[in-house]
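Protein chains: 2
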Amino acid sequence: MPEAFNERIGIVGTGNVAWHIVRLFQAAGVMVSGVLVRNADKSRRSSLGQRFKVPLTDDLNALSASSDIMIIAVNDTAIPEIAVNLSDYRGIVCHTSGSCHINLLRQHAARAGVFYPLQTLSTGHPLPPNEIPICVEGSDPQVVKRLKSLAGTIGCPSIEVSSKERGLLHVAAVFACNFTNHMLAIAHDVVISNNMDTSLIHPLIRETMQKALGGDPADVQTGPAVRKDIDTISKHLELLREQPGLKMLYETLTNSIIEKQNIKKT
Amino acid sequence: MPEAFNERIGIVGTGNVAWHIVRLFQAAGVMVSGVLVRNADKSRRSSLGQRFKVPLTDDLNALSASSDIMIIAVNDTAIPEIAVNLSDYRGIVCHTSGSCHINLLRQHAARAGVFYPLQTLSTGHPLPPNEIPICVEGSDPQVVKRLKSLAGTIGCPSIEVSSKERGLLHVAAVFACNFTNHMLAIAHDVVISNNMDTSLIHPLIRETMQKALGGDPADVQTGPAVRKDIDTISKHLELLREQPGLKMLYETLTNSIIEKQNIKKT
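Protein chains in written order, with the working numbering: chain Y, 1 to 266; chain E, 1 to 266.
In case anyone wonders, no lab produced these hints; they're calculated from the structure.
Remember, predicted model here, so these are calculated numbers, not experimental data.
Check before you lean on any hint, since a few could be wrong.
Distance windows between CB atoms, simulated [as the list claims (entries may be wrong)]: (1) Lys-264(Y) to Asn-195(E): 17 to 27 Å; (2) Ser-162(Y) to Asp-219(E): 29 to 39 Å; (3) Glu-242(E) to Ile-258(Y): 14 to 24 Å; (4) Arg-44(E) to Lys-264(Y): 32 to 42 Å.
Okay, derived cross-link-like pairs now, DSS-like style, lysine-lysine, Cα gap no bigger than 27 Å in a straight line [stated by the list, open to error]: (5) Lys-260(E) to Lys-235(Y); (6) Lys-53(Y) to Lys-264(E); (7) Lys-247(Y) to Lys-42(E); (8) Lys-247(Y) to Lys-53(E).
Partial list, computed: chain E residues near chain Y (C-beta under 7 Å) [unchecked claim]: (9) Ser-66; (10) Asn-103; (11) Gln-210; (12) Leu-249.
The C-beta atom is built at its ideal place from N, Cα and C for all residues, glycine as well.
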């Protein structure tokens, strides 16, 4: 049986990542010593209190004094300032960013870590923990061990990756999530703006994802680009002629598919 | 109770669409009079016979003589020739293309139709019929009625759309399926080529799709582009510097997301 996780966690930030990790920690009985809220007026703090159901504070020193691990879950650009303000702190300090190097926490020498959830997280939209893989990094093996133990306690799979690997995973995530979602948003627009029902394309979206999860998505690439079906491509570009941005995007993506296919064949 | 569907169907073509519709027709007890195979040598015909489990023929006249509806499920460019060769045929003639106008079958005047499955279909990969919406069109209301009845008999939802609307749905399908799959293929490559396990990004892909199916995907757009997070975008472009094609694609998609967001706000 795994050891009980009895370290106290302080959270900095009130965004999507903070909301999810606080929820997961509480669900698993991990002690959350508090959430740091910066410059919040009373009414905002009251609504945040509702949202987080843990003590809110604007006192970083007090929060860190009562925490064994501080998790900085703020925008990338705001991380360094918090890290500097925690210079005297003796516990583990980690950030939750996909693209920031662990060196951003260099003040914390052997007690720096990264706890990055590789998932698209929205406040108020809970996910089962096994669908949130945590990419862990530590300036010391002991930090990695403690952060992996924390991930395990809340039911999340975890993997140790370097800052370089995490950065690449973040690039992959932008393609797999953000750019994919943009493609679906455009498809949605095309259907809606021609007064058709978007549920018509939902089976196609479900099947596209199912197929892609079965192996290398390039092996199941279909459509006019991979067939080099110039007639259909021309018809589509003609249909998009009044939306130059979309037309250019269609051409760029079509060329990219053809290029990838050519590389694959050689 | 719906009337039994007792028309005989002849199929022209042996590709992905032909495989799926033959399978669905047979599963539902619809009579398939045969599948036209062009210029097939004996060994190829034998393997096709295994695949389709219906009579194969290379005689278009004989096939049409024993069919009430002829479905031309071939590449777009090959449709006109088949249509011309069926000039004397008195039954319904339809094609299964997303982007070809019904006028391509103009020889068939009041007996022309379209039976377009809005799905990504691969031979040997069966799908439940309720996941294959059929876009139906007819040169006459009677044709529409019969094709909708055929779709209903095999358990597929159907909708009547014009050639113009079908063309637009096909454009939407290219974004929702082909371009989406290409994004997932690139993400897969980035992970694999850095010796990481692609299953790491599968929860993210599942959640991206789930979220997108819940409404307008633009409402759940996340990532550096929509945040205009220039620091992260620059880091990603730096990581892609040795892959100029990918780098350009990343920039184009990022700009497209920012542009869409700006339009949304105005």
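Here is what the structure says about each hint:
{"no.": "1", "hint": "Lys-264(Y) to Asn-195(E): 17 to 27 Å", "result": "20 Å, holds"}
{"no.": "2", "hint": "Ser-162(Y) to Asp-219(E): 29 to 39 Å", "result": "35 Å, holds"}
{"no.": "3", "hint": "Glu-242(E) to Ile-258(Y): 14 to 24 Å", "result": "21 Å, holds"}
{"no.": "4", "hint": "Arg-44(E) to Lys-264(Y): 32 to 42 Å", "result": "25 Å, violated"}
{"no.": "5", "hint": "Lys-260(E) to Lys-235(Y)", "result": "23 Å, holds"}
{"no.": "6", "hint": "Lys-53(Y) to Lys-264(E)", "result": "34 Å, violated"}
{"no.": "7", "hint": "Lys-247(Y) to Lys-42(E)", "result": "45 Å, violated"}
{"no.": "8", "hint": "Lys-247(Y) to Lys-53(E)", "result": "43 Å, violated"}
{"no.": "9", "hint": "Ser-66", "result": "32 Å, violated"}
{"no.": "10", "hint": "Asn-103", "result": "13 Å, violated"}
{"no.": "11", "hint": "Gln-210", "result": "9 Å, violated"}
{"no.": "12", "hint": "Leu-249", "result": "5 Å, holds"}
Violated hints for the displayed structure, listed by number in ascending order: 4, 6, 7, 8, 9, 10, 11.
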